[in-house]
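So the chains spell out like this:
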Amino acid sequence: MSPKAPNLKSVQKLFKPKKKKRPSHKIGLPPGSLVFTGDKKQEEVFINLITYDENEFYEENIKLDQLDTHLKLQKKVIWIDIIGLHDVELLEKIGNHFGIHKLTLEDILSVDQRPKMELFEDYIFSTLKMIQCPSPESPIVDEQVSFVLRENVLLTFQEKKGDVFQFVRDRLQDPKRAIRQRGSDYLLYALLDAVIDNYFIVMENVGERIENLESQAMIDPDTDTLNSLYLQRREMMDLRRSVYPLREVIGSFGKYAEHKISPEVRPFIRDLYENTIQVIETMEVFRDMSSGVLDLYMNSLSNRMNNVMKVLTIISTIFIPLSFVAGVYGMNFDNMPELHWKYGYFFVIGGMGLAVIGMLFFFRWKKWL
Amino acid sequence: MSPKAPNLKSVQKLFKPKKKKRPSHKIGLPPGSLVFTGDKKQEEVFINLITYDENEFYEENIKLDQLDTHLKLQKKVIWIDIIGLHDVELLEKIGNHFGIHKLTLEDILSVDQRPKMELFEDYIFSTLKMIQCPSPESPIVDEQVSFVLRENVLLTFQEKKGDVFQFVRDRLQDPKRAIRQRGSDYLLYALLDAVIDNYFIVMENVGERIENLESQAMIDPDTDTLNSLYLQRREMMDLRRSVYPLREVIGSFGKYAEHKISPEVRPFIRDLYENTIQVIETMEVFRDMSSGVLDLYMNSLSNRMNNVMKVLTIISTIFIPLSFVAGVYGMNFDNMPELHWKYGYFFVIGGMGLAVIGMLFFFRWKKWL
Amino acid sequence: MSPKAPNLKSVQKLFKPKKKKRPSHKIGLPPGSLVFTGDKKQEEVFINLITYDENEFYEENIKLDQLDTHLKLQKKVIWIDIIGLHDVELLEKIGNHFGIHKLTLEDILSVDQRPKMELFEDYIFSTLKMIQCPSPESPIVDEQVSFVLRENVLLTFQEKKGDVFQFVRDRLQDPKRAIRQRGSDYLLYALLDAVIDNYFIVMENVGERIENLESQAMIDPDTDTLNSLYLQRREMMDLRRSVYPLREVIGSFGKYAEHKISPEVRPFIRDLYENTIQVIETMEVFRDMSSGVLDLYMNSLSNRMNNVMKVLTIISTIFIPLSFVAGVYGMNFDNMPELHWKYGYFFVIGGMGLAVIGMLFFFRWKKWL
Amino acid sequence: MSPKAPNLKSVQKLFKPKKKKRPSHKIGLPPGSLVFTGDKKQEEVFINLITYDENEFYEENIKLDQLDTHLKLQKKVIWIDIIGLHDVELLEKIGNHFGIHKLTLEDILSVDQRPKMELFEDYIFSTLKMIQCPSPESPIVDEQVSFVLRENVLLTFQEKKGDVFQFVRDRLQDPKRAIRQRGSDYLLYALLDAVIDNYFIVMENVGERIENLESQAMIDPDTDTLNSLYLQRREMMDLRRSVYPLREVIGSFGKYAEHKISPEVRPFIRDLYENTIQVIETMEVFRDMSSGVLDLYMNSLSNRMNNVMKVLTIISTIFIPLSFVAGVYGMNFDNMPELHWKYGYFFVIGGMGLAVIGMLFFFRWKKWL
Amino acid sequence: MSPKAPNLKSVQKLFKPKKKKRPSHKIGLPPGSLVFTGDKKQEEVFINLITYDENEFYEENIKLDQLDTHLKLQKKVIWIDIIGLHDVELLEKIGNHFGIHKLTLEDILSVDQRPKMELFEDYIFSTLKMIQCPSPESPIVDEQVSFVLRENVLLTFQEKKGDVFQFVRDRLQDPKRAIRQRGSDYLLYALLDAVIDNYFIVMENVGERIENLESQAMIDPDTDTLNSLYLQRREMMDLRRSVYPLREVIGSFGKYAEHKISPEVRPFIRDLYENTIQVIETMEVFRDMSSGVLDLYMNSLSNRMNNVMKVLTIISTIFIPLSFVAGVYGMNFDNMPELHWKYGYFFVIGGMGLAVIGMLFFFRWKKWL
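Chains as they are written, first to last, in our numbering: chain E, 15 to 383; chain P, 15 to 383; chain C, 15 to 383; chain D, 15 to 383; chain F, 15 to 383.
There's no promise every hint is true.
No distinction is drawn between identical chains; accordingly, a pair holds when it is met within one copy or between any pair of copies.
The list that follows gives simulated cross-link-like pairs (lysine-lysine, DSS-like), each with its CA atoms no further than 25 Å apart [said to hold, decoys possible]:
hint	residue 1	residue 2
1	K381	K274
2	K89	K54
3	K130	K269
4	K190	K174
5	K274	K116
6	K116	K190
In case anyone wonders, no lab produced these hints; they're calculated from the structure.
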């Protein structure tokens, strides 16, 4: 009956706390300073190397000094997947090796970077969020993933193991797949496509959460519903910050495609762009749905209040007048003739009964019952 | 009197549940994978072929292998209408036959595709939603329909039997009609026009539904009203996702018209574009109306609450003071002179009567009665 | 006291019901089908012909077959005003006579056409709504009026008798007026100007209605206020659909003016454009005012509720404790010393009086009284 | 206690009634008709003439026929300030004298003209609102002021005496001022700058009013607060209609500057443009603040309601159960043993006291007290 | 229990009062008048001079007349930092020395200038707000800082001592830093970057404040919460006025970079631009969060109200009927058989007990308890 402190614990399990935008310890450093702004999520940094052409496929976890040997093999495509960003020195070496601009390295390390795609003289750089939410009950986990495409070499940078690229790796192993025929630009496309595809699963799960909140708001709203809804909306604000810039990112990709990407890959980028639009529009629909749920909740609440008020009114309206009558005949005046009638009491009780019946009809007529 | 669980059943008959955006089982497949993402709505796939020129008209349900024979006849226009999308292999064959890009075929099969129109080297591709809602009481049924226009051949792909093209077919059979004089581009226009025309009927019925909700909210609002309104708004969100991209779709059509469409068809496309704008503006009006209905409903509700409160207040204000007076004369003090007056009781009763009359005038003056 | 069913009758006299967007009976017809989509508002179709140059002015109601005779006279300007659209055949003949495109004729006949201006090879076509609302108490009546300007001939198409062009006709009869010096393009401008000018009167009256609602919402709000407000907003939605496209319409007029309109008329078109902007901005102001009135109304309502609650609270707070005291001394315990005090009763009554006075001061201090 | 009719009188002193947009008596007149649409605000029309160059400065109130004499003097700059617009004939003569287009004259006379700047062949025309609001307590007074710049002659048209140009006139009298070195274009700039500068004072005062409303809404909200707020918002709607077009007006000025304005004046126009943007942004902030004040007010109101309800609940919760107990021992059953206990009465009274104390602690714990 | 006057004092410590937009004492002055519009924040004006190239670094507080000596040394970069703006004469001398336009000087002195960047013939001028908010509990302090970049000289103008440039100064002292290799354009970039970087700290602290308000609104909302929220929103309005124009400012910087900035500095400007976007997007998120907090607060409040109402209803519903029964048996009719039953009293008391238990179950079933 008390205004319950909302059960925040149970809700927070689902919605992870929002991360700080940009850590203060970076302030004051010159631009291009390489500082990893995220949390160290694993001990070691892995370098996973995949090289392939139509005929061969080779995958190995290598050390940095082995890199040269592999680059000399001159395969059609070389994909170097760096997993773990906390070893800044290693990243700097890789950056030097491939002629990556200091600012690009800084972007790779700043894990709260806004998604973007930039064209440098020698390479295309892109960074975006890889979001995972395997079920409606699990929290949304995001991770920054960066891409550097330089001729036949594609570098990817992830924060930790576990990604959405497994399907692409599987396809690469099958020599009959079209991907084996194509170049590093198609590989970049395929990985971006895997990231965006995964957004659809996240959207599905977020959608299911909103629908759950919706039924809750319709059938059985309580304080937690609104708090959940509020946290849901904050989660979606975060999500929007990952999703909305994608339009621009993939749009730029399409633009650069004119110069840097082989013509046969271009229709795929257009397709990717449309998927992105679809993700963004779904976000918009979710936004509208959320505010609809809020209306529903408010209505349920005020409806309940209404019902409580009606009960109070009905009880008061019936019994207060009756109590008055009882009070009247409880008065101690010497001369109250009714008190001495033989059936006075029964008349009064009967009259009261009739009044109750009358009022019940009245309430029924008013549709209060 | 209890906060009724809203009667969802009755509402859901009208508003069909929203479909998933993109089925998870497509995730991980390479781009261009041909997977039908909808529900199989009929057993067989029909291929309906219509060929015509000024002089002749021919219609038949054919098998795939009969196609070549008909294509050789070199009629002015060949319309191949594929009804049913679940036979992916068949579609692949047709795609190969007419040189349709894998991504186009994927779009045809992904029945939650965003409406679009694309210009490929050899053909124009368009996909949009064919929406049907024959009466205000019937649910909105949508179906994806795709068009591929390649020279004198127009391919259309529908999910199931039953479409809005019957009027066009009827006109085609009449040799005096202008449509028989014109090419496949005019046929594409005519079919798009039929689809858009049908949106007007849907709009009419949606409008009627909103007007019903409106009268309900004004005259006799209950919990269901808001839930219906909420579902109505969700339905309109879905509808908007089908309708809004049309501006762009038909706009692109107009743009491509410069190159690919014969000059005499262009004014018709402009006309079609204006119809589309009209549909979109109607959607906007509906959106405003919906939020107006919400205001009305909320007002009705708070008005009722107000009335309930007034009843409570009137009853309490009249009887609580009277009860107090009765209570006073029910006290058992030895020395209460009034009790022994001969007409004490009648004075008190009379006084109470006057007080009631006074208060009724007061309430009347306050306009509470 | 009951939640009154709002007095819809009285409100609906002012706000006419919204017309259907596009009649279903047109669906399925080929584009360019000539079907009059409005209501037949008069029996006959009138063709009013006015010809004039600097020296002569001639006006007559003619029959279609007399038209040629008049056209041969080669006056500087010929204005043919067709009043009544239901005689489709007649319109078709006129269309053929002046080389009007089928789609243009269709637009003329579809009386729910969105306002537009189109440049055809031989003529300029424009259609818009002529709105009349002579007083704040009268409903808004709209009528579609279409213009076809072809060289020195201006065709106008109206649904029924009674228009806003009378002032222009009067000016035409006066040979000293500038309009007699100028061509058919200036006549078109003058008629459009008359239509837009009339919007200002409508705006004035709509503004007055909103101001009435406003005083009502401030001084004496009831359920009807909100319903009226709601209907007012719907009326404005309708109005906006007539008004907003005008920006584009007159804007196009300005654009076409570069080629088709004589240079001396151009500044007038710019002036007309600015008037249109002014009408649109007034609509925007009305929109804001409407939502302001809603806030006012809601505030008045909740203020009233507040006052009702205060009355209830004051009455209860005063009498419930007093009744309790009376109840205490109505108890029948054998040993209640106060009952036997000589002035017990008077002490209690006096104490109650003091308590009432104290509470009244308390409420005054709280500003509840 | 009654729902007070808001004290409109006191509020209306501050907020002047909104003027009609466009007087109906102009409807039906041909374009370019010269009708003064404002109220005649003074008897006479004054023509104030100022001529100056680096060396000389001359100011005089002249008659129209003296104009030629002064124009012949061929000073560097001639500023003719016409104060009072109701003498249409005089204005027409001036118009003819300087070759001003009929439509320009019409704009000068229509005192509800939307602010604008237009480039004619021979002159630049601009009209805007000169707004004055010397203190937060005084109403906002606006007046239309028009400018015609034609070579070295600047004509200004005001509705009545009293303007914001006095500072400019003072500077003109000082031969050392830069303004004496510069041409008529700089004079136009200086006057426009004076008008815009004055907007800042108005903004300051409007800002102070909003802040007053804000403290009122926080500390001591009553019905008048909302009505004032509502009127404040309407005032700002009016103000916006004067202010928003300024961006376009001064923007056009900058554009025309390329051709018609001497290069040294151009940076000043850019500066003026930025001031205009600042005024517009301040309006936007005020808009947000207004809606914030509304929230504050609504909160204060519902907070009060809450407190009223709490009082009612506390009183009822304490006394209703106690009254029940008293009622029980007021029953007249023959066999009620407690009544005959010696200290029954005192036990009951004591028990009641304890209950009250308990409930007070309960309420304290609930933070209701 | 009374509607507490909100504790404004405690809140105002955190949120400083908004400054006036533009001081009225500037009105009437000619454009380019040099008047310092801020508050004098320190006694003296300091001129801090830093000169450096790859090899040497020199810093000194100088007097104006020493300036020439230093300028003659022809170091690679000269940074003159003027701290304190109230000595208008001094500023005018500096302005003359470096050929700064009067309007630029006016902008430097008008401390409520909108952030901007302008390209003059000889120099780039920029002005923006340097905002400091070292902790979530401290108020936001802003200060206008202006930059004039003219060849190898960078002038900065601050209102008072204490800035965010210390990190840059430290880096300048280290000869190995890249900044010592680069020109004055890089120095300008580095200072702008320091300003923008500091916005991130402010954002972090504002974010924390909003989150505090959020927990307060969820857990323990009172009147102060809304007032704080309201002041928070006003603070953010102010902040937005500093932050939003930055997009344009840094955008212009990027545009001018094409001509005036050395190519190696350009990628840094792009990076700076993206940081600016991120700040702006964070502001947007905060805006959404604020309105979310408002919803939460309103919900908490109405939830409390609901609970209060429930208590009232439960107490009334239980005791009013019971009191009625007690009242009935307190009536003084001669013939009331129940009164004379031996266990009548106990039956009645027992019946009342059962009724209470029944009602408690009823409330439990209704989930009111």
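Hints numbered earlier in the text: which of these fail when held up against the supplied structure?
Numbers 1, 2 and 4 - these are the hints that the structure violates, sorted from lowest upward.
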